[in-house]
Amino acid sequence: MSRIPPLAAARDVSVSANFFAVPLISTSFPTSIMSAFATLRNVARAAGPARLVSGMRVSMVSSIARPMVAKAAGVRAFSASTARLGSGTSDVSLSQKLQEELKYEQEAIAETANTTPDFLKSFLEQGVWSIQDVRGNDEVTLTRKFGDENIRIMFSIADIQSEEPFEEDTEGDEDTEAPIFPLRASLSITKSNGPGALNVDMVCQEGTLVIENISYYDDAKLGTELTAEADWSRRGLYIGPQFDTLDVGVQDEFEKFLQERGVNESVAAFIPEYAAYKEQQEYVKWLSKVKSFIDL
Numbered sequence: 001m002s003r004i005p006p007l008a009a010a011r012d013v014s015v016s017a018n019f020f021a022v023p024l025i026s027t028s029f030p031t032s033i034m035s036a037f038a039t040l041r042n043v044a045r046a047a048g049p050a051r052l053v054s055g056m057r058v059s060m061v062s063s064i065a066r067p068m069v070a071k072a073a074g075v076r077a078f079s080a081s082t083a084r085l086g087s088g089t090s091d092v093s094l095s096q097k098l099q100e101e102l103k104y105e106q107e108a109i110a111e112t113a114n115t116t117p118d119f120l121k122s123f124l125e126q127g128v129w130s131i132q133d134v135r136g137n138d139e140v141t142l143t144r145k146f147g148d149e150n151i152r153i154m155f156s157i158a159d160i161q162s163e164e165p166f167e168e169d170t171e172g173d174e175d176t177e178a179p180i181f182p183l184r185a186s187l188s189i190t191k192s193n194g195p196g197a198l199n200v201d202m203v204c205q206e207g208t209l210v211i212e213n214i215s216y217y218d219d220a221k222l223g224t225e226l227t228a229e230a231d232w233s234r235r236g237l238y239i240g241p242q243f244d245t246l247d248v249g250v251q252d253e254f255e256k257f258l259q260e261r262g263v264n265e266s267v268a269a270f271i272p273e274y275a276a277y278k279e280q281q282e283y284v285k286w287l288s289k290v291k292s293f294i295d296l
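Residue numbers (the UniProt record's numbering): 1 to 296.
Note that these hints are calculated values from the structure, not bench results. All residues carry an ideal CB built from backbone N, CA and C; glycine is no exception. Don't take every hint at face value.
Stated by the list, open to error - DEER-style ranges, computed between Cβ atoms: (1) E125 with K285: 20 to 28 angstroms; (2) L237 with S87: 50 to 58 angstroms; (3) K285 with F146: 29 to 37 angstroms.
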């Protein structure tokens, strides 16, 4: 079987200032309620009036005030009915809908709003990985040292996908958990005592890392730099074969290589769950900021 894949990241998690150190264990984490928000959002609200997206209509009203032309000779008429910016006819209703959505989301996370989720506590207590998470950014970075190696894993909440609709089913399924969808991640390894960078493209799903590709760059800076120029330069380079086309023995040894460095089932379970948790926090902040802007 093939397993694991590069990406790019970061907010200082509220439970720590900048970086969190963390020990990796192979224990699989229970699916957090936070990890289900992204998909449950579309289900729970379907039945209620508090939908923001469902059935939303954007009505565009175009009215042109035409000045009345005075019939008396030599007299000009001017229109004084200029619409004030920020006072459209739809502003109030949009603000109300945003408020409904915001209230719904805040109530959904009320019990855990001021606490650190158990899955995150467990990961941090391991003391192996540090988390770089910048508030407002959609990317998160995990980093660690392993001997003379610098290891970095990057993933983005923008990659959270729910391509298959989560259907509200019949009675007896109340306790059914929303599925955790695959999340892409990018791993890079560099060495302080030599040049080059080894990059691994992988997918995390249900505690499993599926490797898609392993590439090598002679220039470590080119292989790890997060700039448009570096990305453009990498596009023309040979990135290596698809992982599942390698000899099975080579695949097995690569998997052992990554496991030894803490890139294992624990990380595979943590990444999608943390992405869902962060997405929920960012979504609530987005609703609040957009509503405040509309209300100006």
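Tested hints:
no. : hint                               : result
1   : E125 with K285: 20 to 28 angstroms : holds (27 angstroms)
2   : L237 with S87: 50 to 58 angstroms  : holds (54 angstroms)
3   : K285 with F146: 29 to 37 angstroms : holds (35 angstroms)
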